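We have chain P; now place chain E onto it with these hints.
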Amino acid sequence: MDPFKNVKSIVTPFDKVNVDTDQIVPKQFLKLVQKSGFGKFLFFNWRFDENENPKSDFILNDPKYDDSKILVAGDNFGCGSSREHAVWALQDYGFSVIISSSFADIFFSNCFKNGILPITLDQKIVEMLQQEINPVSVDLEKQTITTDSQEIVFEIDSHKKKILLEGLDDIAQTFQLEDKISEFEKNSTIPSVL
Amino acid sequence: MGKTLFEKIWESHIVSEKQNEPSLIYIDRHLVHEVTSPQAFDGLRMNNRKVRRPDLTIATMDHNVPTDDRSLPILDQTSAIQIQTLEKNCKDFGIKLFNIDSPNQGIVHVIGPQLGITLPGTTIVCGDSHTSTHGAFGALALGIGTSDVEHVLASQTMWLEKPKPFEIRVEGKRKNPHAVTAKDIVLSIIKNIGTGGGTGTVIEYRGQGITDLSMEQRMTICNMSIEAGARAGLIAPDEKTFDYLRGRQYTPKNYESLVDSWRESLKTDDDAKFEKQFILHIDDIAPQVSWGTNPGMTCDVTESVPSPDEFSNGDSNQKKGAQKALDYMDLKVGTPIEEIKIDRVFIGSCTNARLEDLIEASKVIQGQKISSTVRAMVVPGSQMVKKQAEEMGLHKIFTDANFEWREAGCSMCLGMNPDVLSPGERCASTSNRNFEGRQGTGGRTHLVSPVMAAAAAINGHFVDVRKLDLN
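Chains as they are written, first to last, in my numbering: chain P, 1 to 194; chain E, 1001 to 1471.
Certain hints may be false.
Stated by the list, open to error - Some chain E residues flagged as far from chain P (calculated, every beta-carbon gap over 12 Å):
hint, residue
1, Ile1025
2, Lys1341
3, Asn1459
Said to hold, decoys possible - Using 30 Å as the maximum straight-line C-alpha spacing, the simulated BS3-like pairs for lysine-lysine come out as follows:
hint, chain 1, residue 1, chain 2, residue 2
4, E, Lys1164, P, Lys113
5, P, Lys180, E, Lys1164
6, E, Lys1003, P, Lys180
7, P, Lys113, E, Lys1050
8, P, Lys8, P, Lys160
Everything labelled a hint here was simulated from the structure, so no lab data went into it.
In this text the structure is predicted, and so the values were computed from the model without any measurement.
Yeah, the Cβ is synthetic: ideal placement off N, Cα and C, and Gly gets one too.
With the rest of the complex left out, here is chain P (with noise of 0.2 Å):
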């Protein structure tokens, strides 16, 4: 995983509150048996008309946000499935950070495996955000986002935070720590299942 940078962009006001992840990848693109190339299906119901023509009224189709990284999103965002393909088609088209006041369990830990950060902010916070026409900055190192007017800070934890900025493989942590595997499978009573 690449290293996380900060950035600096205007962000894409998305107010939908409870999006689910049929929303943010539909089924018919979880038959592809590689990670890339999701950011084409993103939203895809609801950012293309039966024709798969752009609909004009979706705020991704406006060109003021064709090079936003910072998406601003309502309560609840990425509820549902576990789809990691969600995750996937954010990056993949370019967001690198998602602001919202709350965050489901799974969509949340999977943004974190792909280098995307996913920030909790007060609701009043996350709709002055959405209010926001300026570029924005964020910086991880320091917790904070940056507006013309203010400086936000934000909470993430330690560990999440050090993953992210050093892009670590999480697999590789854990192969560090094999001994304490193979001690707690010596003690273990559940059998295999075959």
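Leaving out everything else, chain E in the frame of chain P:
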């Protein structure tokens, strides 16, 4: 201070922990399917890693398998490739696979318990959010993303922040348990606590309303924990649990000694503390029907489609969401639920496609025909369920009523195979999600119990199934 069941399972699976960091948790059972695993196996190959414990890993194909004639080749090439990819991955990495021809094939959350792979007190993961189903056996069962699938394949562990224990007490006794089902209980819970109500928690369902339920009904409850946003849902095992798993194909040889220890250990202490609590009284609850585009948008069958104002309780974003849902569902505020006409009926999914579900639905249908304006299908949750149902003659009841009787799979719960709604079609579905486009682009889903789905098929619209003679 005492501990909750969840905390006990958690603590007995910690491989490594540090303060204020996620813990490394050992995984006893890993279930794998075709849709969320290919990229995980690719990751292993790229890094020259192997599967640490193939003996704790079981695979099947369920999400995109066709449910019609299995002797024919799979026409959808991308589905065929995904299925072949799983076959190759299981062969290369030495994983036991129940493929499309296996008598054990079926929805992963149906076959796990049926085969005795799911066990109390264990940790179970699968790259599917409805893994919470297995919590019905007192297991800590978590849905995970593909990166975690890879991590578990490689290390048999995963990093997890400890969720908070959430007690949901279901009190009382249903007056008509054939008409007011486990599905109605869990939809009532989600309606009350909302689709984010369980975020960051593991729910333990307790109380007489839960212990009264059969194992299959308990699975329906735990299955939909994720629809309330919970990391998992579980129910303390009791004699019903132990009886269900006894003598199944993969039940461990030392099962009885395991049961002896589970009887002692797998319960929440009287003085344990939950971080959150919700109580549902079920004496008078009605059959439920969802009207919107998430499972929290649900009401009694005797009610009318609510207005966005009523639903949102003053939250402007929720109000907008409800309005959008009504537009998508093409429903008018104030329409009685019983007057909503349906085009399709789907009895299936990891929520409601077990033998009891089919038995209950068949009682409604027996000797009748479905409405001429409705197309209806039954998709048993596994080949084993299908076989058992056929031995009881249930398939005849369904096909005589003009239901389609299908092969096992996820089918129209998520429409990854050819079983989909056409745009604008309205479906009474026993599945778990009524999200926009879930069952087919432009399709409209109403979540209901198998009994309600069956009654809707006969009548062409929803009915108060409490008025039917179901005994």
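Consistency of the hints with the structure:
Non-interface call for E:Ile1025 relative to chain P: violated, since the shortest CB-CB distance, roughly 10 Å, does not exceed 12 Å. Listed as a non-interface residue, E:Lys1341 keeps its Cβ farther than 12 Å from every Cβ of chain P; the least gap is roughly 24 Å. The non-interface label for E:Asn1459 is consistent with chain P: the shortest C-beta to C-beta separation is roughly 29 Å, beyond 12 Å. Taking the CA atoms of E:Lys1164 and P:Lys113, the gap is near 22 Å; set against the 30 Å cutoff, the hint holds.
For the given pair, P:Lys180 sits about 25 Å from E:Lys1164 by alpha-carbon distance, which is consistent with the 30 Å threshold. Pair hint E:Lys1003 plus P:Lys180 holds up; C-alpha atoms about 25 Å apart against a cutoff of 30 Å. With a C-alpha separation of about 20 Å, the suggested pairing of P:Lys113 with E:Lys1050 holds against the 30 Å cut-off. Proximity of P:Lys8 to P:Lys160 is assessed by CA-CA distance (about 21 Å); at most 30 Å being required, the pair is judged to hold.
The structure does not agree with numbered hint 1 stated previously, though it agrees with all others.
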